[in-house]
Structure formats: C-alpha cells, structure tokens
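Peer 1: The lines below spell out each chain.
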Amino acid sequence: MDLPHHGYRATKQRARAAPPTADSVLFEDTSSAAPAMNSQGYYTPGYNVGVPPNDMQGATGADNLFTDPMANAAMMYGSSLANQGKDMVNKELSRFMAVNKLKYFFAVDTRYVMKKLMILMFPYTHQDWEVRYHRDTPLPPRQDVNAPDLYIPTMAFITYILLAGIALGIQKRFSPEVLGLCASTALVWMIIEVLVMLLSLYLLTVHSDLTTFDLIAYSGYKYVGMIVTVLSGLLFGSDGYYVALAWSSCALVVFIVRSLKMKILTSLSSDSMGTGSSAKPQFRLYITVATAIFQPIIIYWLTSHLVR
Amino acid sequence: MAFTLYSLHHTAVLCTNAIAVLHEERFLCKIGWGADQRVGGFGDDPRIKAQVLNLIRSVRTVMRGQKSVFLCPQK
Chain A
16 MDLPHHGYRA
26 TKQRARAAPP
36 TADSVLFEDT
46 SSAAPAMNSQ
56 GYYTPGYNVG
66 VPPNDMQGAT
76 GADNLFTDPM
86 ANAAMMYGSS
96 LANQGKDMVN
106 KELSRFMAVN
116 KLKYFFAVDT
126 RYVMKKLMIL
136 MFPYTHQDWE
146 VRYHRDTPLP
156 PRQDVNAPDL
166 YIPTMAFITY
176 ILLAGIALGI
186 QKRFSPEVLG
196 LCASTALVWM
206 IIEVLVMLLS
216 LYLLTVHSDL
226 TTFDLIAYSG
236 YKYVGMIVTV
246 LSGLLFGSDG
256 YYVALAWSSC
266 ALVVFIVRSL
276 KMKILTSLSS
286 DSMGTGSSAK
296 PQFRLYITVA
306 TAIFQPIIIY
316 WLTSHLVR
Chain B
3 MAFTLYSLHH
13 TAVLCTNAIA
23 VLHEERFLCK
33 IGWGADQRVG
43 GFGDDPRIKA
53 QVLNLIRSVR
63 TVMRGQKSVF
73 LCPQK
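Listed in order, the protein sequences are those of chains A and B.
Residues in the first sequence are numbered from 16 upward in steps of one, following our numbering.
Residues in the second sequence are numbered from 3 upward in steps of one, following our numbering.
Chain A extracted, bound-state conformation (with noise of 0.2 Å):
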C-alpha cells in the first residue's frame, strides 16, 4: 500500500535539504565576501588544501557566533521566549477553535484530492460510502476517501472568486469591489447553509455525528461544480454552460444523497424501542433532499450573472 509511503516520502525529502547547507562551505562562500575574495590565491594549490583555510575564515563570521557564550545564551533566551509566546497564542486560540478538530480536515495528500474530485464529478460508480472509523475516531481524509475535508471546499472557493473576476473582465465589467463582493456573497450563502442545516438537525433532534466543520465541508464542496459550470460556460458559450451545469448538479445531487444518507437517516436515535414520532425518518429524508435540491439552485444563482 502506497499510503504510509507518502508520509515517508515527505520526511526523506526535509532529511535530503539538510545536507547542502553542509556543501555550500566547499565551495566558495560570497556571503562573507571579503575573507573570501584573500583566500582566492591560496586555491589554486589543491582543492582540498584549500578548503580548511577557506573554511576558517570564511565561516569566521558564523563561527564567532556559535562559540561566544553570550550570544549563545541570548539565542536561548530568545528562542524560550518565543515558544512562550507560541504557547500562549495556541491556547487563546484552542479557546475559540478547535484547532485539532480542523487539522484532521487538512490532513490530505495528492491521492485523495484526484479521487475526491472524481468522485463530486462522476459518483455514480463509486461504491462504498461509508466513512470508515477506527477506534470511535473517524480516519483522516488520506487514509479513507469518503471522509470530508475542508481543503478542496477551501481552494474552490478561492479558485471560484478568481474565475469569477477572469469572467467579469473577459465581459468589461471587472472592478475590484466586484471580487470583494462576489466573495462575500458565495459566503453568506454558505454560512446561512450551514446554519438552517444546523437548525434542522437540532429541530430533528439528529443525533449524528456531524459537526459544524462536516457540514461547512459538506456545503463548499459544491464550489468545484460552480468551476467546472463557469469554465465551460466561458469556454463554450451559453449551450456549454447550460450542459455544465446539468451535469453537475446531477452529479452533486448524487454525491450529497449519498454521503449525507450514511449519516443522517442511519443515525442513533436515542429511543431504542423504536416508538418514536414516525413522521421522524420521513422528515430526515426531507432535510438530506432538501439539501442535495439546494445545491444546483444556488450554483445557477450564483454563476449565471457570470456567463451571459
């Protein structure tokens, strides 16, 4: 399995840059120009010969630094004070964040991303939605490709904004307010999504293990729809924007029913012989249609004033 090979992949590659810093002092250091431009003439011997003389006086200036015992101490002194105050800025901000929590939903690499995306594209092939757990913890979006993350939502969003303002500028109607207002919109959108599935939930009294951060993945994942609706339009005019824009609500939809049906109408209800109101899982249905019918309505909302 390739999957543990990322990991080391990543590591190798910071153990490979550590050694040319350690080579850069063979070769003729011009940082310190001046010890250097003197021992020039001491080169020409040997090259090996010349390089402990070279190495003493031009790395003079690091050495001092190293050795003298006040500068050292004063690098310590420095360095304990700016953990502190790393220490510090996490804690206020582990106080309003879950920091962790959002971690994991950025805990992806190149694989998952291409099978995420082909996945919100095509999901009519794929066959296994459930997301899988180990030891109560969900596993992070590299390790099991259902589960949602908050890195694809996140630069589709930022790739959204930007489409939008190569839209308005190929039609002569770019300013930069325009940017700042397309932004704002497709957030507020965004966020009045997340609060009025919040609200069903809590209404329903779902007693899924969706949080806020799920639901915010849930509800941007449908920014990469609204790119591949956008560029289609402005590469094939009218007809190319509409077909996108059939295709990706359809394959949106999909996706949504799909993922939120694992979670939502599977979920544990906490009376467990099963009396309780039977207008409940009509009503679940009802939120997970609901939101998956949302989602090609604000894509054509908001792309259609883009492509003319």
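In short, the hints are calculated from the structure, not lab data.
Be careful, since some hints might not be right.
[Claimed, not checked] Distance condition first, Cα-Cα at most 27 Å in a straight line; then the derived DSS-like pairs of lysine-lysine:
| # | chain 1 | residue 1 | chain 2 | residue 2 |
| --- | --- | --- | --- | --- |
| 1 | B | Lys51 | A | Lys276 |
| 2 | A | Lys278 | A | Lys118 |
| 3 | A | Lys116 | A | Lys276 |
| 4 | A | Lys118 | A | Lys130 |
| 5 | A | Lys278 | B | Lys51 |
| 6 | A | Lys101 | A | Lys116 |
[As the list claims (entries may be wrong)] A few chain B residues that don't get close to chain A, going by computed Cβ distances all over 10 Å:
| # | residue |
| --- | --- |
| 7 | Leu16 |
| 8 | Glu27 |
| 9 | Val54 |
[What the hints assert, rightly or not] Coverage of chain A stretches by chain B, computed from C-beta distances (three or more under 8 Å per stretch; other residues unrestricted):
| # | stretch |
| --- | --- |
| 10 | 193-201 |
| 11 | 210-222 |
Built from N, CA and C at the ideal position, the CB exists for glycine as well.
With the hints as your guide, set chain B onto chain A.
Peer 2: Frame of chain A; chain B shown alone:
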C-alpha cells in the same frame, strides 16, 4: 442578490431580537406555545414543537438574562 457580511450580521441580530421579544404571557400562552406545554413522553425524543419551544426559551434566557421560570396564568 449581493449579500455582504454586514447584511448577514444585520439579519442575524434582527432575527435574534425578534425571537427574544416574544412575550411569554401575552402571546405564547395564547397560541399554546407556553412554557408548560412542553410535556412529552419520557425517554423518547422530544418532538419538534418541544424543540422549538426550547429554542425560544433559551434565546430569551440568554438575551434577557432572566433566570426564573414563568408559567402560563390561569387555565
């Protein structure tokens, strides 16, 4: 429709205010949404009306800072 973040904030404040000013005695008891009509079955999920009443009551408690429970008069 071009939304700005300010208009979203504006809307949120107005909606919260609208929920917070619903008067317990004069209005909610009259339409059967008072504080004592939340009796549901014990042990099963609260029904939608109970959740809505809970929500209204919590918004009112947080916004007004009231700590006592009012019951509907007479009946």
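Peer 1: Run every hint past the structure and note whether it holds.
Peer 2: So, going through the hints one by one against the coordinates:
no.	hint	in the structure
1	B:Lys51 - A:Lys276	holds, 25 Å
2	A:Lys278 - A:Lys118	holds, 21 Å
3	A:Lys116 - A:Lys276	holds, 23 Å
4	A:Lys118 - A:Lys130	holds, 20 Å
5	A:Lys278 - B:Lys51	holds, 24 Å
6	A:Lys101 - A:Lys116	holds, 19 Å
7	Leu16	holds, 14 Å
8	Glu27	holds, 25 Å
9	Val54	violated, 7 Å
10	193-201	holds (count 3)
11	210-222	holds (count 4)
Against the hints set out earlier in the document, a violation occurs for number 9 only.
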